[in-house]
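Asks: Following the hints, complete the assembly by docking chain F onto the known chain S.
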Amino acid sequence: MSLFDWFANRKKTGLVSENRHEREIADGLWTKCERCDVLTYTKDLKANQQVCPDCGHHHRIFSGDRIEQLIDTDTWKPINTQVAPEDPLRFRDRKAYADRIRDTQAKTKLTDGVQTGIGHIHGEPAALGVMDFRFMGGSMGSVVGEKLTRLIELGTHERLPVFIVCASGGARMQEGMLSLMQMAKISAALERHREAHLLYIPILTHPTTGGVTASFAMLGDIILAEPEATIGFAGRRVVEQTVREKLPDGFQTSEYLLSHGFVDKIVPRTELKQTLAQLIRLHRPMGQVAIAAKQTETARQVETVLKRSD
Amino acid sequence: MATTERRPILLDFEKPLAELESRISQIRELAEDNDVDVSDQIYQLESRAQQLRQEIFTSLSPAQRIQVARHPRRPSTLDYIQAISDEWIELHGDRRSGKDDRALVGGIARFEGRPVMMIGHQKGRDTKDNVARNFGMPVPGGYRKAMRLMEHANRFDMPIMTFIDTPGAWPGFEAEEMGQGEAIAYNLREMFRLDVPIICTVIGEGGSGGALGIGVGDRLMMFEHSVYYVASPEACASILWKDAARSAQAAEALKVTAWDLKSLGILDQLLPEPIGGAHANPIEAADTLKQALSQNLNVLLELSSEQRRSQRYDKFRQIGVFSEG
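In order, the protein sequences belong to chains S and F. So the first sequence is numbered by the working numbering: it starts at 1 and just counts up by one. So the second sequence is numbered by the working numbering: it starts at 1001 and just counts up by one.
One or more hints might be untrue.
List time: in silico BS3-like cross-link candidates among lysine-lysine, alpha-carbon distance up to 30 Å [claimed, not checked]:
| no. | chain 1 | residue 1 | chain 2 | residue 2 |
| --- | --- | --- | --- | --- |
| 1 | F | K1242 | S | K107 |
| 2 | S | K95 | F | K1099 |
| 3 | F | K1099 | S | K246 |
| 4 | S | K265 | S | K43 |
| 5 | S | K77 | S | K107 |
| 6 | S | K77 | S | K46 |
| 7 | F | K1242 | S | K109 |
| 8 | F | K1242 | S | K246 |
| 9 | S | K77 | S | K43 |
| 10 | S | K265 | S | K32 |
| 11 | S | K265 | F | K1099 |
| 12 | S | K246 | F | K1262 |
| 13 | S | K77 | S | K109 |
| 14 | S | K109 | S | K294 |
| 15 | F | K1262 | S | K95 |
| 16 | S | K307 | S | K294 |
| 17 | S | K32 | S | K109 |
Where chain S lies over chain F, by a calculated footprint (3+ residues, C-beta under 8 Å) [as the list claims (entries may be wrong)]:
| no. | segment |
| --- | --- |
| 18 | 1035-1043 |
| 19 | 1164-1177 |
| 20 | 1230-1243 |
| 21 | 1315-1321 |
No lab work stands behind these hints: they were computed from the structure. Ideal Cβ placement from N, Cα and C applies to all residues, glycine included.
Excised from the complex, chain F in its bound form:
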């Protein structure tokens, strides 16, 4: 995780905090130059900054939370895999389309001594990388690669961990031509058939069917500032409000946060993030993820594959709100 050394990228709602912090460092420099003791004042200002940060990040609006979820420095799938596993061999290709999709990565990792299959959407770390990764938007070949790796995991009795972080499946010409709908649909059905434990975690952005295509499992976890939606607020605003500028309103209405999903009976576990978001302290975020994965995996490994499959079915079976009679 090489992001901590670089200059921070500030989101608009972080501006007051940044101003306060720059004042603190100014005072500190001034005091050092003139050899005056201002530690009391510094201490006061710093605790105010800490308090302000906490206030900002505990009262984010859904639209602001989406900004955090899409933060360019937010730890990605490969960042987390590197942090939580002891070994890692990335595997490539769906053996069908003649092209490896770099927006969706996967491979075998050693997690707490056990080989597991780790699969996730991969956004780029900078513009060049993002172009190569197609901003984390997979083509059908990506979903078919994911399925190929999951079948492999099933054969060799490896638990599957997926990491969700995509604006959505790529809505391009070739993607349609190669059967984007079929590729996702196939995964949805087949993931119910797999015998091994499956744990899915939304680490950033959960963009609709493109997220769900690797999102069927025994557990769904979400980081505190990640989001998961049926349609991006931008698309929803332009369809329902006929005005893309209403996306903040759409974000509010769509109920996209971890708390919303928990109350709708979709989310199993919310993972708290360091104050300031996962990118403020990626090591701490990775520790949280590792612990949660470990706990859930141990519970799931106690069950037989029949029990897991039947509970997985029931978990999705009960989702939905309607009246009857």
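Here chain S stands alone, though its shape is the one from the complex:
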């Protein structure tokens, strides 16, 4: 194959990341870190879950990558994939909301700003929701509200821990008060999940602000955050205008929230999966630990017997 063909094929097979524009990739082979400017071989960066090996900067990733990183291969079962947005207010700012939805769907291949499903995390079944910042800034409208509510309800029904990876600018203005009410709706589902003594952990990634912060992002039994994410209720510019002075560096970051007691632990992306699995195991009642161990042992024995009979 000539070098030219190789380049042409590479584009077709989708080796080039779909979000390369956001990440300012020179030619796809190498990626420049947006913080330390060091060039990293794109494949290596992907293998390192889009965390710069040099400075540890967490590049923005999207829902598909995140699911791939957290869920065991071939165990992901997406749910409610057909739930799609409408335009109940017939909203129009500089662009009609209906057009905005259509264009964003075409660009992202997503129906709306969250993917939900059931999968295994190092063998532990869990309900997972992942918000996608590409979809109108991860804003929360009726679809995000409905899909997360159903996910939590399913978690309650199936007695599963629920994890939500947050990335959102807040409520989606184009759906008006319907968006605001999703905050209450999701919180209601979380209340029932909590009553059932089940574990809920939000993972706050860059950025988590507005209505998401004022609802499910802050309602975790345990709250995790990625390093250096922006997390806050009011936007930084709004706060600056309110207090009429410049805010300290590091205001509204993960580290800031940790030191103020609103986040339990900052977890680098590369350690997130094992941390979640560990937390699931630490919350399993002792009796169930024994049962699970016994089941694994039985399964192993059955397998050995089957192998022998081959």
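Replies: Positioned in the frame of chain S, the structure of chain F alone reads:
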């Protein structure tokens, strides 16, 4: 309600009405001075004024309605509490932050013989008061005080009535530092857990999460000229139109009126206001509120706490518009 004696504060769309009314009083004075009977003419002019007032207030644009909702003389939470209850003891503080938030008030009232917990945002009556009340914008301590009082109500089996009237939760430095998001989020979840009836009424401005932080209940009522929005039209205009001057357009687009919320399946009951707005006749507005609270409370008290909680869940569960399949 000490507002009726003072000179009225006029909104720009009330100007034609004010001119007509000043002409009427001029004619009346003139007639009195010269001892002429002009009662027929006065009667005609007055009914025209009445008609004009009605026309103006039944065809308010969303932006104009927001002006009425933010009217400096609009009855506040404490005005209504005073008018509808027979006893009232205000309680203070969240027992955590070391500061009482005066933008959010609460206490125990006697309502038609029954002790109830009344909680609401409190705007100031004048500039000085407004500064002390932070223009009705609570800090996290305010929401935590509200939750503390609601827990109290739950323990002593008192129904909860909340009154919403805020431009929004305070977007300040300390508020962020103390966990504004967490304080509101916590209330959203816990209000679904409470056993006692909860009735929420938007009496003026329902500013986004800052309003919702005491706005989860079995019933949501709204006064006719009050508004409730996901983002203030000013903020929405500057974000989506990149132009704060487009706020009237944003107000229209955001669907902020009681009628809008009714058609979106969010609002349970619309409370009519006196012609000219609640501030034109606060006593009448308070009577309307009292009757509506009483009716709803009696219905809710017929239910068991399990029924109430399950209906409260269902009420919010069905909110949202999407397609599937």
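Asks: Hints first: check each against the structure and report whether it holds.
Replies: Hint check:
1. For the hint pairing K1242 (chain F) with K107 (chain S), the CA-to-CA distance comes to about 23 Å; that is within 30 Å, so the pair holds.
2. A threshold of 30 Å between alpha carbons decides the hint, and for K95 (chain S) with K1099 (chain F) the separation of about 45 Å lies outside it, so the pair is violated.
3. Proposed proximity of K1099 (chain F) and K246 (chain S) is supported: the alpha carbons are some 25 Å apart, at most 30 Å.
4. Straight-line distance between C-alpha atoms of K265 (chain S) and K43 (chain S) comes to about 29 Å, which keeps the hinted pair within the 30 Å bound.
5. Between the alpha carbons of K77 (chain S) and K107 (chain S) the distance comes to roughly 23 Å, so the proposed pair stays at or under 30 Å and holds.
6. As the CA atoms of K77 (chain S) and K46 (chain S) are separated by approximately 23 Å, the hinted pair is consistent with the 30 Å bound.
7. Taking the CA atoms of K1242 (chain F) and K109 (chain S), the gap is about 28 Å. The hint holds against a cut of 30 Å.
8. For the hint linking K1242 (chain F) to K246 (chain S), the alpha-carbon distance of about 22 Å falls within 30 Å, and the restraint holds.
9. At roughly 27 Å between alpha-carbon atoms, K77 (chain S) and K43 (chain S) fall within 30 Å of each other, so this suggested pair holds.
10. With a C-alpha separation of about 28 Å, the suggested pair K265 (chain S) and K32 (chain S) falls inside the 30 Å cut-off, and the hint holds.
11. For the suggested pair K265 (chain S) and K1099 (chain F), the alpha carbons sit about 29 Å apart, so the restraint of at most 30 Å is met.
12. Distance check on the hinted pair: K246 (chain S) and K1262 (chain F) sit about 42 Å apart at the alpha-carbon level, beyond 30 Å; violated.
13. Of the pairs offered as hints, the one joining K77 (chain S) and K109 (chain S) holds, with about 18 Å between alpha carbons and a cut-off of 30 Å not exceeded.
14. With a C-alpha separation of about 43 Å, the suggested pairing of K109 (chain S) with K294 (chain S) is violated against the 30 Å cut-off.
15. Between K1262 (chain F) and K95 (chain S), the direct Cα distance comes to roughly 26 Å. Compliance with the 30 Å bound is thereby established for this hinted pair.
16. For the proposed pair K307 (chain S) and K294 (chain S), the alpha carbon gap of about 20 Å is at most 30 Å, so the pair holds.
17. Taking the CA atoms of K32 (chain S) and K109 (chain S), the gap is about 26 Å. The hint holds against a cut of 30 Å.
18. For the segment 1035-1043 of chain F, the assignment as covered by chain S is violated, since 0 residues bring a beta-carbon within under 8 Å of that chain's beta-carbons and 3 are needed.
19. Only residues whose C-beta sits within less than 8 Å of a C-beta in chain S count toward coverage, and the segment 1164-1177 of chain F has 8 of them, enough to reach three; the restraint holds.
20. Under a criterion of three residues with beta carbons nearer than 8 Å to beta carbons of chain S, the stated coverage of the segment 1230-1243 of chain F is upheld, 8 such residues being counted.
21. With a threshold of 8 Å between beta carbons, the proposed coverage of the segment 1315-1321 of chain F by chain S holds, since 5 of its residues qualify and at least three are required.
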